[in-house]
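Going down the list, the protein sequences come from chains Y and V. The end of the first sequence is residue 413 by the numbering used here, with every number in the run present. The end of the second sequence is residue 341 by the numbering used here, with every number in the run present.
Check each hint, because a few of them may be wrong.
[Unchecked claim] Cβ pair distances, simulated, as ranges:
hint, chain 1, residue 1, chain 2, residue 2, range
1, Y, Gly150, V, Ser192, 31 to 41 Å
2, Y, Val153, V, Ser195, 24 to 34 Å
3, Y, Gly270, V, Pro257, 53 to 63 Å
[Stated by the list, open to error] Cross-link-like lysine-lysine pairs, in silico, BS3-like; alpha carbons within 27 Å at most:
hint, chain 1, residue 1, chain 2, residue 2
4, V, Lys2, Y, Lys407
5, Y, Lys117, V, Lys82
6, Y, Lys407, V, Lys54
7, Y, Lys126, V, Lys54
8, V, Lys74, Y, Lys69
9, V, Lys54, V, Lys82
10, Y, Lys225, V, Lys116
11, Y, Lys280, Y, Lys166
12, Y, Lys306, V, Lys54
13, Y, Lys407, V, Lys4
Don't read these hints as lab results, they were simulated from the structure. C-beta atoms are modelled at their ideal positions from N, C-alpha and C, and glycine is treated no differently.
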Amino acid sequence: MTLMKKLTLSTAFAALGTTAALADGHGGCTDGRLNIVGNEFPAIQTVAAAAVACAGDDAEANLTADHQKINVAGMTGNPAEYTTAIVANSSIVALINEDVIQPLDDLVAAHGQDIPKQQLITVDGKIMAVAFMANAQHLVYRADVLEQIGAEVPTSYEEVLAAAEKIRAEGIMENPVGGAYAAGWNLAQEFTNMYIGTGGQFFNPGTAEVSINNAQGVEALEMMKALSEYMNPDYLTHDSNATSAEWEAGNVALMNMWGSRSGVLMDDEGSEPQVYENTKVGGPLTVGDSGTPATTLWWDGWTVAKNVSDEDAAATFTAMKAGVSPDILNDETMSQAVWLMEGFQPAPVNEGVLAAVAAGSTPYPMVPYQGLLHTALGDNIADFLQGSESAEQTLADIEAAYTAAAKENGFLQ
Amino acid sequence: MKHKTFFWFVFPSVLLMILFIALPLVSVVTQSLYSKHEQVIVEVENCGPFGCTKATTVDQEATAALEEAEPLGKWAGLDIYKDRNHLAISEVGQAWINSDGLPDFGRTLMNLPFYKALGFTITYTAIVTPLTIILGFFIAIAVNSVARAMRGPTIFFSLLPMIVTPLVGSLIIFWMVDARGILGTGLQWLASDPSLSVKASTPLMWAMLMFYGVWHSAPFAFIVYYAGLQTVNQDTLEAAMIDGASRWERIRYVVVPHLAPLTTFIALIQLMDNFRVFEPIISFSAAAHATSLSYAIFNDLGGETRLLSSAAATSVLTIIFVAMLLSPVLVRTWRDFGTQK
């Protein structure tokens, strides 16, 4: 089903691209190699298809959910296999750590004067990436179910719990809460959201020393456990895809979900009219009284590999610039993401991400050792949620696992 | 055989073994003895669509100079083997002193990632290997007594689990045991517990992984035994029948001893295979309940920041454990070889 969709989409875009290229003679793309590696969801498919169409027939794109397992290896060689990686604010860090992407200042000066400044991602004053969309997790709810129990749209996790209890008590749904709690990356992400929401700091300022074994850490874990009581018992195996499937099956009424994935929930494919017509997005949720939303802001953007010839770098730059130009926005692509390009018209589905930005949510931390902590979180939190150890023990385990890994990677002595 | 002839006869295999077995081993061992350089961290200001934030980043120029000086990384010796994410020498020592009896020590041990993975890996190997051999043997006996015309299709169907790609096979079972899948619902009905979920319970998840393991590798044992059954001496079988041996006695005293060398072979292969259990853990999203050594290696390499040395150390430890596990079987094979001469 998705494969079919993908094929039709890419064919459609290829056709679109060909006509566009014929019309304006390659759309400003210079000659050279383009090979894209990136995550796989509709907005990125749109960007990649437009970039490939501009660069010409030899251009390739490898879009996969496993992109971050292959992008460093694929860009380390000389010349690099991938001339560009589409990354987010978490995954760019690994590429910077390994020194496989190049600063874009010269290329921007030569070919990209018209890229709006807010799209340029700078690290220490050097442009390292060009962002094209914003993303965040936020509440998705079933308006009909909330109406049935007479509840307002929740703005905090405490209200989510209260509403969930009511839904269960009235026998509407057995497990009304959803969430991507699959052990590993997803679970770690949910903790990251929750911990930021409690006002916690991950590291002692300016150092790589982790400090999550504190009252905020316990509060975050306790809230996650409280939520999990209202989830499908298999929640530790549910990633974003499985959670979306649960939603479309009509088993869930409240969940924290990615803005980039809510469009799929609200279209008329894969679910009953009662489900998709009543699927609405809310703002980010809060926990406790810290005032910081329990979510993280993300951007997705593209980079240029370091180990490529100047010609290929220029070709990659111009093609990717065309891939994220305002021209790619049309009726079909407009609602796929919160695009950062000019001419973006928000649709109702984008309101969640915009609300998260407006509420002053925290961007996902862009520090070199955050990825190691993320892995340690994903490996250990399940022990607490399954009730096999205390919150303090779990947090101590995470700190110990992180510290050993950070020592090995040279971040700690 | 002349020495020269012998040399040229084995040269291709020796070359391939050096290229594909010895050199990678050397590389893995070397990698596990080095860690990354001390990273030079600088505080920077990062700007993007959400404004500017203070953050840290790796100073590439300073780090590049360090890497130039020592391209392999910093010599770590056995430090990585001893750290908490591997053998956890000091943590285990502490636990031994502080723990309140053996069960408490066991719990602390199982909380350490390496021992948790090792615990599952060994349990899996110890349970799946004998069950595979026994099941494979009985399938072979059964198929061997099917009417000749039906044997082809029966053999084909018995081999199916092995033909199906492990990831796909385990995904199919994963969906079937879902609380709303056919097996999952069946189990709920059997246990009269509507909230029963295989994926939510650690013991059931372990059982399912092992069930999958047996299901997947029994055909291998079956086909080897089936081939062996074709060579059983019919005269001996007939003699046993004349002596009044029952079917069971004929299997016990004629067939089983005849197939003993094959059992050694299957055990050898299965021990190695099962110790590397990996695919079902991924397909079943079982990481919350069970991890194996191979999964630990995969996890080290799959994060946003790759842990090459850590993965290498776990690989070396896996190789050592496989060698230990295989040694009894190898010794036995060596002895059999000696007596045959």
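Now the hints, each set against the structure:
1. Y:Gly150 x V:Ser192: 31 to 41 Å: 36 Å Cβ-Cβ, so the 31 to 41 Å window holds.
2. Y:Val153 x V:Ser195: 24 to 34 Å: Between Val153 of chain Y and Ser195 of chain V, where Cβ atoms are some 29 Å apart, the hint holds.
3. Y:Gly270 x V:Pro257: 53 to 63 Å: holds, 59 Å
4. V:Lys2 x Y:Lys407: The hint is violated at about 55 Å.
5. Y:Lys117 x V:Lys82: Violated: Lys117 of chain Y and Lys82 of chain V sit about 49 Å apart, past 27 Å.
6. Y:Lys407 x V:Lys54: holds, 23 Å
7. Y:Lys126 x V:Lys54: Holds: Lys126 of chain Y and Lys54 of chain V sit about 14 Å apart, inside 27 Å.
8. V:Lys74 x Y:Lys69: Between Lys74 of chain V and Lys69 of chain Y the Cα gap is close to 24 Å, so the pair holds against 27 Å.
9. V:Lys54 x V:Lys82: Since the Cα atoms of Lys54 of chain V and Lys82 of chain V sit roughly 35 Å apart, the hinted pair is violated (cutoff 27 Å).
10. Y:Lys225 x V:Lys116: holds, 23 Å
11. Y:Lys280 x Y:Lys166: holds, 19 Å
12. Y:Lys306 x V:Lys54: Given pair Lys306 of chain Y, Lys54 of chain V holds - Cα atoms ~25 Å apart, limit 27 Å.
13. Y:Lys407 x V:Lys4: Given pair Lys407 of chain Y, Lys4 of chain V is violated - Cα atoms ~52 Å apart, limit 27 Å.
Hint compliance for this structure: hints 4, 5, 9 and 13 are broken, all remaining hints hold.
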